[in-house]
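Asks: Letter by letter, the chains look like this.
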Amino acid sequence: GAGVSQTPSNKVTEKGKYVELRCDPISGHTALYWYRQSLGQGPEFLIYFQGTGAADDSGLPNDRFFAVRPEGSVSTLKIQRTERGDSAMYLCARHGVTDTQYFGPGTRLTVL
Amino acid sequence: DQQVKQNSPSLSVQEGRISILNCDYTNSMFDYFLWYKKYPAEGPTFLISISSIKDKNEDGRFTVFLNKSAKHLSLHIVPSQPGDSAVYFCAASDAGTYKYIFGTGTRLKVLA
Numbered sequence: 022g023a024g025v026s027q028t029p030s031n032k033v034t035e036k037g038k039y040v041e042l043r044c045d046p047i048s049g050h051t052a053l054y055w056y057r058q059s060l061g062q063g064p065e066f067l068i069y070f071q072g073t074g075a076a077d078d079s080g081l082p083n084d085r086f087f088a089v090r091p092e093g094s095v096s097t098l099k100i101q102r103t104e105r106g107d108s109a110m111y112l113c114a115r116h117g118v119t120d121t122q123y124f125g126p127g128t129r130l131t132v133l
Numbered sequence: 018d019q020q021v022k023q024n025s026p027s028l029s030v031q032e033g034r035i036s037i038l039n040c041d042y043t044n045s046m047f048d049y050f051l052w053y054k055k056y057p058a059e060g061p062t063f064l065i066s067i068s069s070i071k072d073k074n075e076d077g078r079f080t081v082f083l084n085k086s087a088k089h090l091s092l093h094i095v096p097s098q099p100g101d102s103a104v105y106f107c108a109a110s111d112a113g114t115y116k117y118i119f120g121t122g123t124r125l126k127v128l129a
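Just so you know, the sequences run in chain order A and B. Start counting the first sequence at 22; every next residue gets the next number (the numbering used here). Start counting the second sequence at 18; every next residue gets the next number (the numbering used here).
Hints are computed from structural coordinates only; laboratory data are not their basis. Model, not experiment: these values are computed from the prediction. Errors might be hidden in some of the hints.
[Unchecked claim] Ranges between beta-carbon positions, derived for each pair:
1. Ser30/A - Thr121/B: 41 to 51 Å
2. Glu35/A - Lys71/B: 41 to 51 Å
3. Asp84/A - Lys126/B: 20 to 30 Å
4. Ser30/A - Ser29/B: 24 to 34 Å
5. Gly37/A - Asn84/B: 31 to 41 Å
6. Asp76/B - Leu60/A: 26 to 36 Å
7. Gln101/A - Arg34/B: 33 to 43 Å
8. Asp72/B - Val118/A: 20 to 30 Å
9. Glu92/A - Gly33/B: 48 to 58 Å
10. Asp111/B - Leu60/A: 23 to 33 Å
[To be verified] In silico negatives: residues of chain A with every beta carbon more than 12 Å from chain B:
11. Val40
12. Asn83
13. Phe87
14. Glu92
15. Val95
16. Lys99
17. Gly106
18. Arg129
For glycine and all other residues, C-beta sits at the position ideal for the given N, C-alpha and C.
Chain A with its partners taken away, still in its complex shape (with noise of 0.2 Å):
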């Protein structure tokens, strides 16, 4: 595969709920990326991660979005207060040996 796994792979969750979803990457990459893919659009980039540190997170939508990898691989993304126009597919992904990103198999999530 390519070496990134995310849980849960659906969550179905109710408008003003809090979600996390999480990424988990194989280990020895210190560069995590997580996207959005709304229906019939590409990914859309939300932040990156080196190591512990977010060193991009110019693509969270607002401030209810937040992400962590506290000890440098696992990441979880946060939404708080949900939203219906937040569903959509979370992905992740690793940064490979070149310039290259491998994804996960992703979350796709639904707020009701």
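Mind docking chain B on chain A? Use the hints.
Replies: Chain B in isolation, oriented as in the chain A frame:
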């Protein structure tokens, strides 16, 4: 303003024939380009990439062509197989960032 465009939302090709998927970009700073393939409910799978110092890269049945003056790249698949049926995304980045900018995708259907 969309920096990476895939103007054909869908394409149908007979098995054994060549599939040509096109992508245009506007940012002259882009220097690394990739093609990903995506099946429903899965993450994008890396297919092939090309650096701006090249104009062609080949990997098996897949060839990517880059025309920098026209800001255009294309993916050729030959011969096309039914298993190639998927959505194909082109992506671009520049050396100063690690964010990929994706097009909106082209759905390829290879008819048996």
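Asks: Which of the listed hints are broken here?
Replies: Numbers 1, 3, 5, 7, 18 - these are the hints that the structure violates, sorted from lowest upward.
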